[in-house]
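J.: As they're listed, the protein sequences go chains A and B.
If you use my numbering, the first sequence closes out at 157, no skipped numbers anywhere.
If you use my numbering, the second sequence closes out at 1452, no skipped numbers anywhere.
Not one of these hints is a red herring.
Each computed EDC-like pair below joins lysine to aspartate or glutamate, with the alpha-carbon atoms no more than 20 Å apart: (1) B:Lys1269 with A:Glu142; (2) A:Lys16 with B:Glu1202; (3) A:Lys115 with A:Glu155.
The hints are simulated quantities; they were obtained by calculation from the structure and are not laboratory data.
A quick note: this is a predicted structure, and the numbers were derived from the prediction, not measured.
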Amino acid sequence: MLSPEAIAKIDYEITKYPTEQRQAAVMSALRIVQTERGWLSKESISDVAQYLRMPDIAAMEVASFYNMYDLAPVGKYKISICTNISCMLRDSDVIVNHLKTKLGVGFNEVTADGKFCLKEGECMGACGGAPLLIVNNHTMHEFLTPAKVDMLLEELK
Amino acid sequence: MTTPVNSYEAGKPVTTDLAGQTLLCLRTLTEENPASLESYIKLGGYSSLKRIVTEKSKATDIITAVKSSGLRGRGGAGFPTGLKWSFMPRYFDGVKYLVCNSDEGEPGTFKDRDILRYNPHQLIEGMAIAAYTLGARVGYNYIHGEIWQDYDIFEAALHEAKAAGYLGENLFGTNFSFDLYAVHGYGAYICGEETALIESIEGKKGQPRFKPPFPASYGVFGKPTNVNNTESYASIPWIMQHGAEAFAANGVPNSGGTKLFSVSGHVEKPGNYEVKMGMPFKELLELSGGIWKGRKLKAVIPGGPSTAVMPASAIMGATMDYDGLSKAGSSLGAGSMIVMDDSTCMVKTLQRLSYFFYEESCGQCTPCREGTGWVYRVITRIVNGQGKMEDLDLLTSVSNNISGRTICALGEAAATPVLSFIKHFRPEFEYYIQHGKSMVESKTQDTNMEHQ
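My request is simple: use the sequences and hints to build the entire structure.
T.: This is the structure in structure tokens:
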């Protein structure tokens, strides 16, 4: 069951498309439900599909194609760090190592307390601020240094 | 007071040094609150839209002006914008669509982001003028999912523009109506390809369509659709306000206007620089503070990884425009300049790029789906000290068999770095294979990749 808040947000997205193209809002709807629930279970995807009157498998195809949708739990804070060329040239490996050591996890692992998950991201389209990371898909942190990462982790406690 | 962890401040420019730039698409950067409607209007914003709509300007006249401005597609292909507009059917019974491609995901490309966050209204006006010209009733701006804060800025600007009467029904009391919406990607490089982007707008996985039919006849929801890049649309209001000749005069023959260059990598001041087309590379490098740490330039990827890498010797004398870079052996692409200093290991750099194309292949076409993985595994073998000399020919052969054998241009995009890196830096690859280690001793080049 979708929450009333999620339904209100999805309804707004649906207004962007012709009435007979409700399913076009699936990208937003999945994003909205994931933001609310932390990740997308099969049940969550099915809730979205039902609301948009599309087959479950069609919503699942979308959820599994785009890499910002999480089909497994990612902890309270998902940290996606870019290691692509522009970030790599500006020593993203130093930031990655720092995060791994601080959190005690590798890529795609969740800390024991369920708080953090570290993901390796692909180019995020903000290479001028390299190295950079995104917290829970929507908050970007640029020009990273180990000290800045420490402050960020402190804030996210 | 604690120092903010995030250097990002919504709506506030990070780059404040505007010297040497020619600001057309980012002209509001001179204002205190660049993204605001007031700032844009102060500079003459929305005056062209109002004039065109109320004077009922002829669509053919507008297209002629866009053609003579010399504006070419800023997303990377460089196709003349005015010519593209002329492909849209004039008479069509039903809704026509306008799409803006703000899905920047090619490594090193981050220019559209600055238009979205610093000058969103110029993009909105540009799209509205295009909608008027092409008879489009509805528009979508498809924005890269990773720059969420900028998506929010753009969507807020849409509401602001609508409230002020620049979007919506019966604009300026005429029968011209245009609705514009923000929609988003969520982590798929392939959606920067225009037909994959259209699939994504329709709520599907982003796999490119066979062409023809082209979007101009079969686009969003099967209707005629014009797709342009953010920077292309954002150039339109300036052209309409100041004239096609004035725009063209900012560039060189065959490359009209200014261009936003996204400079990243080993420079002192990475960021976006809007400069006149045809600026010598040396000058642009100077604007971005030169090579960092007092090191020497080794190589530049001038337009994003789908354009060929250039050794320092080839780019030092080049000018930054379509013909200039093509003469020097590469291309302008999206103007995404990735700068590498002499500490860069080209083998490991290519390994990272190859992983990117392997990871982002949509899987639809066999040569790309299998070939990108193959290329990545062979380069990884070299990096792990198990390379063989014949691997270099193998890499070339696999890449040549991807290129030109796929539905979309990602095939060529994946092949270009491999072919150009080996062409220009072959001794470095050979050394790595012979010695099992990099020719360039660098501690900063461990790529930390944990991929299988």
